[in-house]
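With the hints as extra help, turn the sequences into a complete structure.
Order-wise, the sequence lines are chains A and B.
The opening position of the first sequence corresponds to residue -7 in this note's numbering, with each subsequent residue numbered one higher.
The opening position of the second sequence corresponds to residue 100 in this note's numbering, with each subsequent residue numbered one higher.
Everything labelled a hint here was simulated from the structure, so no lab data went into it.
One or more of the hints may lead you astray.
Unchecked claim - Some chain A residues near chain B, calculated using beta-carbon distances under 7 angstroms:
#  : residue
1  : A96
2  : I160
3  : I164
4  : A168
5  : N172
6  : I198
7  : A199
8  : V203
9  : L232
10 : P299
Positions of the beta carbon are idealized from the N, C-alpha and C atoms, including for glycine.
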Amino acid sequence: MSAAHDHHHGPAKGISRWLFTTNHKDIGSMYLWFSFAMFLLGGTFALVIRAELFQPGLQFVEPNFFNQMTTMHGLIMVFGAVMPAFVGLANWMIPLMIGAPDMALPRMNNWSFWILPFAFAMMVSTLFMDGGGPNFGWTFYAPLSTTYAPPSTTFFIFAVHILGASSIMGAINVIATILNMRAPGMTLMKMPLFVWTWLITAYLLIAVMPVLAGVVTMMLFDIHFGTAFFDAAGGGDPVLFQHLFWFFGHPEVYIMILPAFGIVSAIIPTFARKRLFGYDSMVYATASIAFLSFIVWAHHMFTVGMPLAGQLFFMYATMLIAVPTGVKVFNWVATMFRGSMTFETPMLFAIAFVVLFTIGGFTGVMLAITPVDFQYHDTYFVVAHFHYVLVPGAVFSLMAAAYYWLPKWTGYMYDETLGKLHFWLSFIGVNLLFFPQHFLGLAGMPRRIPDYALQFADFNWISSVGGFLFGFSQLILLFVIIKCIRGGKKASAQVWEGAQGLEWTVASPAPYHTFETPPDPALIKAQ
Amino acid sequence: MKTDKAPSKNKTLVTKLLFAVVGMFAFGFALVPLYDVICDITGLNGKTNNLAIQAEAGEIIDETREITVQFIARENADMNWGFTPSSAQVKVQPGEVNMISYKVTNSSDRVMVGQAIPSVAPNGAAGHLNKVECFCFEEQVLQPGESADMPLRFFVDPALPTDISKLTLSYTLYDITEKSSKLKAVAAR
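In structure tokens form, the structure reads like this:
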């Protein structure tokens, strides 16, 4: 690519570059920065929770505000931090990985990003409204979120509509890009796993985000138009809400973890300097998990009163998910086995992902056992379980991805020492934070309470210390990223010795336009 | 890809995906009646029939079995009508029509409308508790201070599974004054 060519197609100057851009790299960067900002905001809410729970009694906040914090923390982390971060990575990396010049629908891409800040501005603004923000938990069970909800719930509903629309547009774009824009020679079974996992995730999004939109629309009707979808007095059923919500909610948790599987499947082979073990089985395992995610939703609601046959079905179907997930974990371990491993920061995060996500997976199997779930339901054991799969699971994979591809994005190597410091503080912090919560839950501490019985004090104290350690460690990540953008050791195109794939064939930093002509098919290797 | 086909390929694909989105949105709403149908067939959420079932004359009474039917009456949230059944439990034989009544008193100083919502436990029994006459089929309007005895006539279907010898009928009374159409009719009178 000549310099003159570059000049004509370079980014526009000033703010309009970001407002009107249709460039997948710009939009990817905006998604990533937005999600990082939301991560810090949601993290701040979490620290309010951990500060309040540092010792028994009410210290800092009113119970109602505490409930708003747990709710907003969940909503922001799920919809504002984790999901947009994966969409950002998809934007940046999928075109580079499949040899496409851009996303298939660049203008819609711009739109799907720019409606997000408005959705979250609306959602966060509810905290300042009369009656406060949503205080009914991120699962917003009716009638808490209808009959007994604060007036601001209408704004929450519209925010969910908007971010749902954003997710659906993002998903359509990803599918169109992957199915229509692959370079010649890039067959489906040669695609990197990150692309595969995102293709399947996008289908999950298209299947369940509209159901979520439907649920909040029903809430809107119940609140304002006198319908009784979830109101027992009018012939509705609050349990119906739970069924509808979890029909969305369970695939949603795989939406947040499947792309993470793809990231880890890219990083481990690079630093083990071996090909990924069992590529085909990885693809089939991902598809199996996606399929199973649609038929297990009621394991979130074993205690509503279900017939024995229903409990058995959802219990066994849930346990079945451990099989394809186990295939993945064993494949990652087999990839590392007898590899020439080095332990740069992305690899540390990826290995921590495998270990800690597996712990979260095991507690998931425990929760799948119906009679046991009756004891664990709505306790801190559940909190510990899903934080293990989401924080050292999804979030660690995002951090691994950030370190792994930062040199490709910025053209400079990040500070390895600080990266490792960030990893170890996060690793220690996250385990101090969430491991004691298993014990709290087993001992019977309920979730979503601002105050607790004295016997839970010690583990809560440890958990809060871990929370603040983990939270403030993330400022190191922010510092490392800014430092890396501003300069450092020049990164080569290849960046990592063992890295495979088309994204490593373009220069670092990746030029504003890449693969305007399709890459040489000889570069496309089987995985 | 710089082929002429790409845009039309995208168009076809996006159209299909949008249909899927609209379809799933509709499916979310379709789940509502579907849920009711499944509950009706299986009796899963404890809902009983909401229309009167005529006991056939000469309904066979199964004198070999005795079923204990327990009655629970509770008021939802802000309801304060004092809602109690005339007896806590009765022993009945399947097929035999029984009657009990629930006493309510509107102790507030305004006209109120109540709606009772039934639920039967255990799950398998809901479809076998048949009501010939029930106050729960309609809204109840009470003037301030007014009392009423609300009748319930029911029979247990002889087809009740043999492993069930005791069932509980629970009513929750909701205040639907604001939503009621009946109150408007009363006010207009």
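Worksheet item: Among all the numbered hints in the text so far, which are the ones the structure does not match?
Response: none
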